[in-house]
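S.K.: Residue numbers (the working numbering), protein chains in the order written: chain C, 1 to 363; chain H, 1 to 614.
Each statement offered as a hint is correct.
Quick list of in silico lysine-lysine cross-link-like pairs, PhoX-like style, CA-CA up to 25 Å: (1) H/Lys-8 / C/Lys-129; (2) H/Lys-589 / H/Lys-599; (3) C/Lys-177 / H/Lys-8; (4) H/Lys-395 / H/Lys-492.
Derived by calculation from the structure, the hints in this document are not laboratory data.
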Amino acid sequence: MLDNRQWRSIDWLTLLGLAVVSGFGLSVIFSASHAGPTPDLYKAQFVRLLMGIALLAVVMLIDYHTIVDRAEILYIATLGLLFYLVLFGGLRAGTNRWLELGIGTFQPGEVAKIAVVLFLAKYLAMVRKDRMSTREVLTTAGFAAAPALLIALQPDLGTAATIGVVYAAMALLSGLKPRLLVFAALFVALALPLSWKFALKDYQKERVYSFLDPARDPKGAGYQSIQSTIAVGSGGMTGNGWLEGTQSQLQFLPTPHTDFIFAVVAEEFGFVGVTTVILLYLMITLRAIETARRARDRLGTFVVFGVLSMFVFQTTYNLAMVAGLVPIKGFPLPLMSYGGSSMLATMIGFGLILNVRMRRFVN
Amino acid sequence: MNVYEDLKPLRRRLAWFRVVVILAFGLLVLRFWQLQIARGTEYQQQARANHVRPIPESAPRGLVLDRQGRIIAENRPSFNLTLREDREETLVALERLVAFPEDSDRAAFLRLARLEPALIKEDIGLEDVSRVEARQLELPGAHIQFVPRRHYPSGGLSAHVVGHVGRLSEEQLAGEEFGDAERYDYVGQSGIERVYNQALMGQNGVQRVVVNSVGRRERVLEQVPPVWGESLQLSIDLELHATAQEVMGERAGAVAAIDPRNGQVLALASFPAYDPNSFSGTVDREQWVGLTSDPRHPLSNRAIQGRYAPGSTFKIVVAAAALEEGIVTPDTEVACTGSVRLYGNVFHCARASGHGRVDLVEAIAQSCNSYFFRLAPKLPIETIARYARLFGLGKKTEIDLPHEVSGLVPDPEWKRKARDEPWYAGETVSVAVGQGAVLVTALQMAQLAATVGSSGELHHPKLYLRQLPAGSLPEPFTDGLAQPPARRVGLKPETFQVLQEGMFQAVNGVGTAGRARLASVDVSGKTGTAEVASRGRIAESRHEDRPEALRNHAWFVGYAPRARPEIAIAVLVEHGGQGGRAAAPVAQKVLETYFEQKKRRERDRARQSAVALH
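The task is simple: from the sequences and hints, build the whole structure.
M.R.: Written as C-alpha cells, this is what we have:
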C-alpha cells in the first residue's frame with residue numbers, strides 16, 4: 001500500500017511530539033483526579049489515546065484524495081446528524097451536543113468540524129484563481145454557516161465559533177481580502193448588542209460579565225477565573241511539584257482535568273513546565289505549517305491548514321482562558337484535556353496532516 | 001489532480017500565518033511569566049489563604065493564688081461555636097440546631113467569617129456541642145472551639161482585688177495596652193487580672209489546617225501549642241477576706257490590712273461584693289445593668305476608690321503634728337467640758353458631759369474632740385496638711401491596682417482653686433478632728449496605722465508576691481518578711497511612743513476601741529466616726545433614728561501586736577454609726593483570724609519538724 005519513500009516520509013517527529021504531550025497530559029489528568037471521586041480517569045483517557053493513535057494510523061494510510069472524494073457524503077451525513085440532534089437530542093449537561101451511542105457518548109460537533117474542514121478544503125482547492133469571487137465567498141461561507149448554525153442551536157457556541165474561525169482562516173489562505181473579514185467583524189460587532197438582548201442565555205451573559213470583572217461574584221461565575229489565575233500564579237518558576245498543587249488537589253480549581261488542565265500544569269510544574277509544553281505545541285504547529293507549505297497540491301495545503309487552524313485556535317484559546325485573558329468557554333485543550341471526542345478528533349486531524357506530508361512528492 | 005497549481009501565494013500566506021502563531025504563543029508565554037514570576041508571590045499567598053486555615057487555641061490564663069496557695073482564679077473548660085467561612089447555608093442550618101443569642105447579626109457573622117472566625121455563640125452547652133459535632137459534614141465552616149474560661153472558686157470573696165476578665169473591646173483591640181491579644185481573647189478588665197494581664201495571659205496556640213474547597217479538613221499543617229500563663233501569687237489571705245465578709249454581713253464598707261514590715265496587702269475587701277464569674281461567660285445583659293445601676297455600687301472597690309472623711313482616726317496625724325511642732329508635750333493637759341467655743345462657733349465633743357482633764361494619750365484613747373479643737377488655733381492648716389501628706393494621705397498609695405483615688409488633704413491653695421474661696425480658720429477646727437474637706441481611703445488609713453505601728457516605716461502596699469511557672473503546685477508563701485521601707489517618716493521617737501501609747505490605751509485601757517481587744521495579742525487602734533450630716537437636728541439625733549444615708553461612717557484603724565506589728569488594719573463601715581461599735585469588732589475578728597491562723601500554722605510546722613526528728 002505504501003512505497004518506500006512514503007514510509008520514510010512518515011513524520012516521526014510530530015508523532016513523538018503528540019505522544020509526549022498526550023502522555024504528559026495523562027499524568028496531569030492523574031494528578032488532577034486521583035484524589036477525587038473518579039480516580040481512574042487517566043486509564044479511560046489512556047484507552048482513548050490508543051484508540052486515537054489507531055485512528056490516526058488508519059486516516060494516515062488512506063490517501064487524502066480518496067478521503068476527500070467522499071467529503072460531500074461526510075458533510076451531508078454530518079448535517080443530518082446535527083439536524084437529528086437539534087430535533088430529538090437528549091439533554092446532557094444543559095445541552096444536547098452529546099449523542100448516545102451503544103458504546104458510550106460522542107459529540108458530533110467534533111466530527112462536524114473535521115467534515116467541514118474536508119468539505120471546504122475540497123471546494124477551495126478547486127478555486128484556481130488567487131482571489132475568490134464573491135459567489136465563491138458566499139458559497140463557502142454558506143457551507144460553513146449551515147453546520148455552525150445547527151451547532152449553535154444545541155447550544156454550543158464554542159464549537160460554532162470554532163467553525164467560523166476555521167472558515168475565516170481557510171478563506172484568508174485562499175485569497176479572501178482581509179478587508180472583507182474586517183467588514184464581517186464589524187457586522188458581528190453591530191449584531192452583538194442585538195444578540196445580547198435576544199439570543200444569549202443568562203449563563204452566557206454571566207460568563208461575559210465575570211470575565212470583565214471576576215471579583216464581581218467571587219463565589220459564583222467569577223470563581224473559576226479567579227481560582228485558575230491563583231493556580232497559575234502560585235506555580236512560580238518551578239511549580240509545587242506533581243500531585244502537590246493545592247488549588248487542584250484541594251478542589252479549588254474547577255474541572256481541573258478537562259478545561260482547566262493547563263492550570264494544573266502551571267501550578268504543579270511552574271513557568272518551566274508551562275514554557276516547555278507551549279514550546280511543544282509550537283513545535284507541532286510549526287511542523288504542520290511546514291507540511292502545508294510543502295504539500296503536493298492546493299488540496300493538501302487546505303486540508304492541513306484547515307485542521308491546523310482548528311488546532312491552533314482551540315489551543316491558544318484554552319491557554320488564554322487559563323491565563324485569564326479571555327472569557328471562560330468550554331474549550332478543551334487539544335491532546336491534554338480529559339475527553340474522548342476531542343482526543344479522537346485531534347488524532348484524526350493529525351492523521352490527515354501526516355497523510356498529506358507523506359504524500360508530498362509527486363509520483 | 002496533477003494539474004499545474006500555483007502554490008506560491010498559499011506559501012506566502014502560510015509564512016504570515018507562521019509569524020502570527022509564533023507571536024500568539026510568545027504572547028502567552030509572556031502572560032504566564034507575568035502571572036507566575038512577576039506576581040507569583042502574591043498568588044502564592046492567595047493560594048495559601050485559600051487552603052490554610054489558622055485555628056486559634058486559646059491559652060489558659062495563669063492561676064491567681066492567695067498567699068497560702070489557695071486558688072482565687074482558675075480555668076474551666078468551655079466551648080464556643082464559631083463560623084470560619086462565609087457560608088450562609090451553614091449559618092442557616094446552625095440556627096436550626098442551636099438557639100442563637102437574641103442580638104445575633106447574621107450579616108455581620110458572614111462578613112466577619114470572610115476574614116476570621118466569627119463567634120456565633122459563646123459557652124454553649126454540651127448538648128449543643130454534640131448536636132453540631134454529629135452534623136459536622138453537613139455544616140462546612142462551622143467549628144466548635146475549645147476555650148478555657150475563667151472561674152473564681154471563691155466567688156465574690158476577693159472580687160475587687162482579682163477583678164474580672166472580659167472580651168477585648170474594639171478600642172482595646174486597636175490600642176496598645178493589651179499587646180498582641182486577638183479578637184475574642186479574654187483579657188483582664190479590672191483588678192489584678194488587668195494589671196498583670198500580660199503575665200497571666202500566656203500565648204495563644206494555633207493549629208494550621210489544610211482545608212479543601214468545601215471547607216473539609218484534610219490534614220494538620222503545623223501545630224503551635226498554647227502556652228499557659230504564669231501563676232500569680234498574691235499577698236492577700238482569703239481566710240481574712242472570708243472573716244471580714246462574715247462580720248460585715250450586709251453592711252457596705254471596706255477592710256484593708258497590710259503587713260507593716262513590707263507593705264504586703266493581707267486583705268483588701270470591699271462590700272458589697274459581686275461575683276466575678278458573672279463576667280467570664282456571656283454577660284447577661286440584665287445582670288450587667290443590675291450591677292452597674294445598683295445604688296450600692298458593688299462594682300466599685302471601696303478600699304481604694306471610696307473617699308471618706310477619716311473622722312477621729314485623723315487625730316493621729318494632728319497629734320503627731322502638734323508634738324513635732326512643739327505645740328504640746330505628752331504632758332500637756334486640756335480640760336474637756338463637752339464643747340469648745342472658737343471663732344464664734346460652738347464645737348462639740350463626742351461626750352457631751354466632757355472628758356475632764358486629759359493629756360494627749362488620753363485624748364487619743366478616749367477620742368476627745370475638745371483637746372484637738374484647742375490645737376487648731378495653734379496649728380496652721382498648712383502644717384496639718386504637711387504631716388498628713390508625710391503619712392501618705394492625699395496621694396495614691398501606689399498599690400498595684402487600677403483606678404485608685406488619692407483622697408484629699410485640704411489646704412488654702414486647694415480651696416482657692418477648687419472653690420474660689422479663702423480658707424476659714426473654723427475649717428481648721430473641723431479638720432483637726434478629721435471632718436471638713438479631708439478625705440481618705442481605707443487603704444491609706446491602713447498604711448498610716450502601719451507607719452505608726454512600725455515607728456515610721458512607710459511601705460507602698462503591694463498585692464503581688466511572686467510569679468510561679470505555669471503548672472507548678474500552689475504552695476504557701478513563707479519567705480522574705482522584712483523589706484526596706486519605701487520611705488521613712490522621720491518623726492521623733494517620743495512622738496511615735498505617744499501615738500502608740502494612745503492607740504494601745506484606746507483598745508486596752510479607758511478608750512473607745514475596746515471592742516477590738518484580743519486576749520492573746522496586744523492590739524492598738526483608733527476609732528473614728530465620720531459625720532455624714534454635720535449640722536442641725538440630724539447630727540444630734542441618735543444613730544438608730546436616722547435614715548441610713550445620713551448615718552455616720554464608722555472607722556477603726558490599728559495594728560497588732562504592739563511590740564512588733566505584723567498586721568495593720570483599717571475598717572470602714574459605711575453608715576455604720578460609731579467606730580467603736582461598728583468598725584472595731586470587724587477589725588477584732590479579722591485580727592483574731594490572722595493570729596489564730598498564725599498559731600495553727602506554727603503548730604503544724606512544729607508538729608512536722610517533730611515528725612521529721614523521729
